[in-house]
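Enquirer: Sequence:
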Amino acid sequence: MCHGDFMKLMPKGADQRTARQDNLAYAGVRASNKLVDNDLAELNKRKDCYVQAGKNHCIHPAVIAAIASRETRGGKLLYSTNGYGDGGRAYGIMQVYICKKYPWDSCEHINQLTDIILLNYVNQMKTKHPSWPAHYQLKGGVSAYNAGVGNVQTIAGMDAGTTNDDYSNDVIARAQRLVNAHGW
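Going by this note's numbering, the first residue of the sequence shown is number 47, and it counts up by one from there.
Fair warning: there could be bad hints in the mix.
[Unchecked claim] SDA-like cross-link-like pairs, simulated, lysine to any residue; straight-line CA separation at most 25 Å:
hint	residue 1	residue 2
1	K93	K174
2	K174	G194
3	K174	H103
4	K101	V142
5	K147	A136
6	K172	G207
7	K122	D132
8	K122	G229
9	K122	G74
10	K172	G194
11	K93	K122
12	K80	K93
13	K54	L86
14	K147	G134
15	K122	R63
16	K172	A206
17	K58	K147
18	K147	N169
[Unchecked claim] Label pairs and their calculated CB-CB ranges:
hint	residue 1	residue 2	range
19	N90	G203	32 to 42 Å
20	A71	Y148	36 to 46 Å
21	A202	Y125	34 to 44 Å
22	M56	H228	33 to 43 Å
23	Q62	I162	27 to 37 Å
24	K101	R63	29 to 39 Å
25	A227	R63	22 to 32 Å
26	D94	T173	14 to 24 Å
27	A71	T173	40 to 50 Å
28	N128	S177	41 to 51 Å
29	L123	C153	14 to 24 Å
Rather than coming from a laboratory, the hints here were simulated on the basis of the structure.
What you are looking at is a predicted structure, and each value in this text was computed from that prediction instead of being measured.
Cβ atoms here follow ideal geometry from the backbone N, Cα and C, with glycine treated the same way.
Based on the provided sequences and hints, a complete structural model is requested.
Expert: Here it is as structure tokens:
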């Protein structure tokens, strides 16, 4: 894809704190794999939306879906809240901020957040870290999606300060699982 080949990355996967949401007694890539496997039915409901957003913005749809998996379990957490999460401070499958122009589970919402948040952060990584390979700029954009561009200082420490200090490592591991095990 235009913004880096995330399959070149070697993510550490989910921290134990992230893995606990499914009562997993293990962490790492294995935990990320299990988490996204548990979200697969929900992610597949909107696969066409992730594919279209990926085409529109030249980011692999598995990365976009993996963010949705991490943020809302692909939407599972939002049915009872009418699309709101994070104590009512965020809206939609990809949970960044309140932006209700489109329904929370719509292709338009996924496309909008891919464009104005994820792609914007990836592009900011290209400016901030021009010497980084494209796949690390993409991973930095994923990390910034959670904790902001200012948080991403080094390749090795880019998840410091993200939720559970594992955000991009978990998201990238989930995305790789979607490709390798589920044909995304």
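Enquirer: So, for every hint listed, does it hold in this structure?
Expert: Verification of the supplied hints:
no.: 1; hint: K93 to K174; result: 32 Å, violated
no.: 2; hint: K174 to G194; result: 12 Å, holds
no.: 3; hint: K174 to H103; result: 20 Å, holds
no.: 4; hint: K101 to V142; result: 21 Å, holds
no.: 5; hint: K147 to A136; result: 13 Å, holds
no.: 6; hint: K172 to G207; result: 20 Å, holds
no.: 7; hint: K122 to D132; result: 14 Å, holds
no.: 8; hint: K122 to G229; result: 22 Å, holds
no.: 9; hint: K122 to G74; result: 23 Å, holds
no.: 10; hint: K172 to G194; result: 14 Å, holds
no.: 11; hint: K93 to K122; result: 15 Å, holds
no.: 12; hint: K80 to K93; result: 19 Å, holds
no.: 13; hint: K54 to L86; result: 23 Å, holds
no.: 14; hint: K147 to G134; result: 16 Å, holds
no.: 15; hint: K122 to R63; result: 19 Å, holds
no.: 16; hint: K172 to A206; result: 19 Å, holds
no.: 17; hint: K58 to K147; result: 35 Å, violated
no.: 18; hint: K147 to N169; result: 24 Å, holds
no.: 19; hint: N90 to G203: 32 to 42 Å; result: 34 Å, holds
no.: 20; hint: A71 to Y148: 36 to 46 Å; result: 39 Å, holds
no.: 21; hint: A202 to Y125: 34 to 44 Å; result: 38 Å, holds
no.: 22; hint: M56 to H228: 33 to 43 Å; result: 20 Å, violated
no.: 23; hint: Q62 to I162: 27 to 37 Å; result: 33 Å, holds
no.: 24; hint: K101 to R63: 29 to 39 Å; result: 34 Å, holds
no.: 25; hint: A227 to R63: 22 to 32 Å; result: 24 Å, holds
no.: 26; hint: D94 to T173: 14 to 24 Å; result: 32 Å, violated
no.: 27; hint: A71 to T173: 40 to 50 Å; result: 41 Å, holds
no.: 28; hint: N128 to S177: 41 to 51 Å; result: 44 Å, holds
no.: 29; hint: L123 to C153: 14 to 24 Å; result: 19 Å, holds
Hint compliance for this structure: hints 1, 17, 22, 26 are broken, all remaining hints hold.
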